[in-house]
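Now that you have both chains on their own, put them together as the hints suggest.
Quick mapping for you: the protein sequence lines, in order, are chains A and B.
With numbering that gives the first Met the number 0 applied, the first sequence covers 0 to 352.
With numbering that gives the first Met the number 0 applied, the second sequence covers 0 to 405.
What the hints contain is simulated information worked out from the structure, not anything from laboratory work.
Interface residues of chain A toward chain B, partial, derived using beta-carbon atoms under 10 Å:
| # | residue |
| --- | --- |
| 1 | E41 |
| 2 | Y240 |
| 3 | R265 |
Examples of chain A residues toward chain B, derived with CB under 7 Å:
| # | residue |
| --- | --- |
| 4 | S42 |
| 5 | S146 |
| 6 | V177 |
| 7 | I179 |
| 8 | L181 |
| 9 | R255 |
Note that the structure is predicted; figures quoted are calculated from it, not measured.
Even for Gly, the Cβ is constructed at its ideal location relative to N, Cα and C.
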Amino acid sequence: MTALDVRDLTVAYPQAHGRPFRAVERLSFSLRAGRTLALVGESGSGKSSVLKALSRLVRPAEGSILLDGREGVRGREYRRAVQMVFQDPFASLNPSHTVDHHLRRPLLATGRARRGAEADEAVAALLRQVNLTPAADVARKRPHELSGGQRQRVAIARALAPEPAVLLADEPVSMLDVSIRLEILNLLDRLKRERDLALLYVTHDLATARHFSSEIMVMYRGEVVERGPSDEVILDPRHPYTRLLAAAAPRTGASREEVREARRVRLESRARRDAERREVVVGEGCRFRPRCPFAMDSCARRPPEVQVAPPPDGDGGTGHRALCWLYADPAAAAGALPAAGPAAAVPPHRAAP
Amino acid sequence: MNAPATAPAGPGSPAGPDGPDGRDVVLRARDVRVEYDGERPTRAVRGVSFELRRGEVLGIAGESGCGKSTLAYAVTRMLKAPARMTGGSLSFRTREGEELDLLALDEEGLRTFRWSRLSLVFQSAMNALNPVTTVGRQFADVFRAHRPDMGPEERDRRARELLEMVGIDADRVRSHPHELSGGMRQRVVIAMALALEPDVVIMDEPTTALDVVVQREILDEVERLRAELGFSVVFITHDLGLLLEISDRLAVMYAGEVVEYAPAEQLAGGAAHPYTQGLLRSFPDLAGERRELRGIPGSPPDLRGDLAGCAFADRCEHAFEPCRTTAPRLLDLGRAAGPWSAACHLHDPAHRPPAGAPARPGAPAPSDVPAPSDVPAPSGTPVPAGTPEPAPAAPGGGPTTEGRQP
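So here's chain B without its partners, still in its complex pose (with noise of 0.2 Å):
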């Protein structure tokens, strides 16, 4: 697909709407930032962006309350109290080229927007079912809701159609949920995502309840829709490993943060923050050599109020003097594989000390770096621009950059 690039390149992202590859992007987050009221707020989404281009799958990982859900729930608009949104932007660019500002639709607009051009599988889609009406009759109703002008008989053929094209017997129109599998569910859940043909669909843990026989059908399934139907797909889990292997992008988050983008197929060779080594290591692989296994030490830290300096710093073991005090920003790597980015003062030309890796030569200062082409720079992240200092004196036993590589 040739979509022109009919939108002006958003400031802050001077590759442009269009990714390398030509493919447009069809969801634009900008420094979504959510909170949760309370005595003191739980910032639980720090100022996360993302494109989103047509026909690919982004992978978003992460622990559990490092914002990922939450991250979704705002892309969608479902937000309930007491989480709100903040902060950010979120534009949406439709098959026929319109945009679509997310933030300033009204309920009856997000009402149409929802489910026809973008879908939701919940996190428990095994128990989104209704248990006491037929599948058939919940397709009925999304049909009725979104595609009034359909009569019954088509409406019955569409659903019918539609489970055939997940690998259930259309016969199953007819069946309760309770009659079904778990898998068959899930299977019915996307089904009924797919039902409307969306742009974009959000998975969010669609088969960790699951079997891994039959999460491997699913995401089988997955795969050959999207080849199928040119749907893109972002992929929230917390395994990091599945990721690897059906995303094309890959963010993953930490403390309501991104800390490194990155093209997933090269991912595991060659991440770059600390955290996503840590993940990486944390999912022992099934053929590869007996090794002493470990984890990340610790734990998240409190997304009440505000952290200073790298959120990750009291679990890393690379952490030095900077890491306490100046919050790390997403940074263009420069690799040769695609946009990658990491917010690790290791990687900041800045904050390297000049024993280790041989910084880029003329390396901009950071606050001039221009932000990298997927990763548009949060207008109003929390680091004011220039706060680190320049050239600042290396630490002595300062990290190399040595045992990056897993």
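Here chain A stands alone, though its shape is the one from the complex (with noise of 0.2 Å):
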């Protein structure tokens, strides 16, 4: 079922000189009850930009959000069902304040229990959802005498507070120390599963992604370049971007002489392009043009967003899309696609179906 809808999102900021800045260009996406989609993209990319519209801290230019299928729902409504966990647990909760504080304060403000005993009980039962515990410890203590891990299980206990049903995650593990993350990657997984939340993880970790979500978005200078199920995109990515990203992450399996390889075919790959080109103003074509390897004269236009594999049965997902020439047009990238270093070339006759 889906919980929300976006449809052509836009948003736009003011510039002191000449036109708005088009942080986030026609986005369309669901997020679905009981699954996690993965926002993923390097920054400057537009996901902040997405996440602030979704939380509504900034009016898009352009386009609806859907609540529950429909538009325009009240802010209070709203902020009931759509909650965030932000990236910085150091930033995100006053250290003025008890952990008590910051969990009975939506508890209140949203009804969902009432002063005394009531909010007492509700408060413990959030913080053994999150596996803090003894709970009533933890209450009492304020911020500065918790770890990051126990600050962003708190965090989120305060996100599901007014029991929403949209989770908006950014970043919520990046400022933490790496042998907490994935029980806190965990903690928000068996959480979406118990509470049936739909689930927006935005991160620049393509592992976790993959491992964290079912389906995949990634985002390039504002738009989505590719989307599809999690294993198709990481395993099989087909826009040049996708595959830059990819060859780009750690490979713990890899031996020295594949990893030497690597290396040299990306700093060759790199003495092609000039480094200054990527930050050319390309109007109206792909925006990954300037640093695409295989980048062809169509790529001038704005290119099509072409199915490369259709929907696994009844997913009801949009299947595995990309935003590139190279799909739409087999013929003229046949000439273009040369084996292209780690990543797999793809083949011109599997492109475009």
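Following this line, the structure appears as structure tokens:
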């Protein structure tokens, strides 16, 4: 079931000179109950702008956000249903308030519990849900007495207090120690299942995106350039940008020779590009064109979103899609696609349906 | 480079100053200890020893608070109160074969030593540049301070050369830092660190704030420059996956101590210390099988005061009796892959339950074990020599060495 439907979302920021800067361009996706959608991209790709629009911190320039199929849901009801976990648990909790206060406030404000014993019990229940025990001890503490992982658990508990249908997690583990990241992600995964939450997991880490989500969207400069079931997007990336991302991830299993070879290919392909060209404004065409090793003439026009693989039966998703001319025009692509380094080149005959 | 072994082998380092591959040791730290003063002093670095060979990359991995950055500051003698070095020695061998005792250097000696012999790339290197002046002037500052006989034209020429070396347009000498992207700023900082052709560059989380793609470009660049210029790198990060790929040898730190030293290439397949195994498990492999993922439960111990037994025991799934009472020492595992040691009772013949893997026959008692060649035994370890009782009664359900292989 669709919990949150985003249609043609465009976020634009005014600029002192010239036209508004369009940080997110005509983005559409759905969050479904009990499923995790990962939004992956580098900084400046527009991930945070998407979250700001979804949490109503900025007003979208165009497009609509439908909660439970309804547009224009009132602020109070919307905020109760859509909650957020922020990146930095050191900044997102108020240092002068206790954990109890952080959890009691949203419970009372959203009418999920009545003052007194009922709220006490609800606070304890939230803490137990995020594995912070003994709950009574933790509730008395202030943020500085907790570790980063514990703080993030409190932030998650706070987001759960209004019993939301949608949880937006903005890089929820990137500020945490490596050894506890998986625990927090496993916790989010469990809560998603238990509470049938629709989870949007925003991250730049491809590996956890793959392991903790059913679908992945890859964003580049405000546009989703590739989307699809997570295994397909990661193991068989089609868009040149996704391939670049996948090639940049460290490979624990690789031998020295493989590492050296991958490095050689990367250095070579980079030498072909001018480092400064990435700053060039590209106008209407593909935004990845200046960095793309396969760029060709047609890339000066806006690329189409091509279905490279159909959705699995009964999945209800959109299947595997890439915003790239390579898959729209196999004949033109045949000449442009060399063997492409670490991620194997896609044979052109497989490229288009 | 076949530098002759001129210095005598230090005590506790029977293999001498040269590594097995003939590269000489450029930086040697012995039993370094650092405390942060306070009501109960925090002992952040507890007897760390390492050797850095010329031209190699030594990775130091660990969680935040394990002392890895403090160690970097100690090695460069940049600790400021309340931190202070309470023990250990640091020696440095220059390219010319001169042996320097870093702890004996005075202010003036340190000033000439830093940057020209050993430079640092900081954690927040993106913000290490002065925002109100151009990149070129900042290079010029470095040369004015360290190469006073360089003329203005030569300073400018060298600055341009360095920028080109790290893949930035030479005309960027006229740019202010805010005109550069994060990745470019990081390259500028690396170019500055290399400006005086140091023997050693210490990089403390140099790419953590950057995007994966940019991070990858910077790492490739560092690797290329290292091959070209031949400096050594101490690379500090929490990202073990990254270290496995870029370093020659790896030291894993936990609670202020090194718990495992290993050749980086083999570590992923044979991590000996449960903490290293846990760290390895904490990174899902991008293309690997989907499996249940878990990190390391619990949190690191309080570093104020003494730790009884193994610092990792509370979080360790293999912990058995001696782990609670006796601090393990780094012991050579005698593996073929190269010097490989771990501080874990599971690998200590004196503690290993007989039911487990057969101990090396005739293995000497731990107190007699010669220090591993790359890890000089700290002279003042908290473990009194001979503390482990000989052949303790094996606990019934004692840990086995199975399950060590991830």
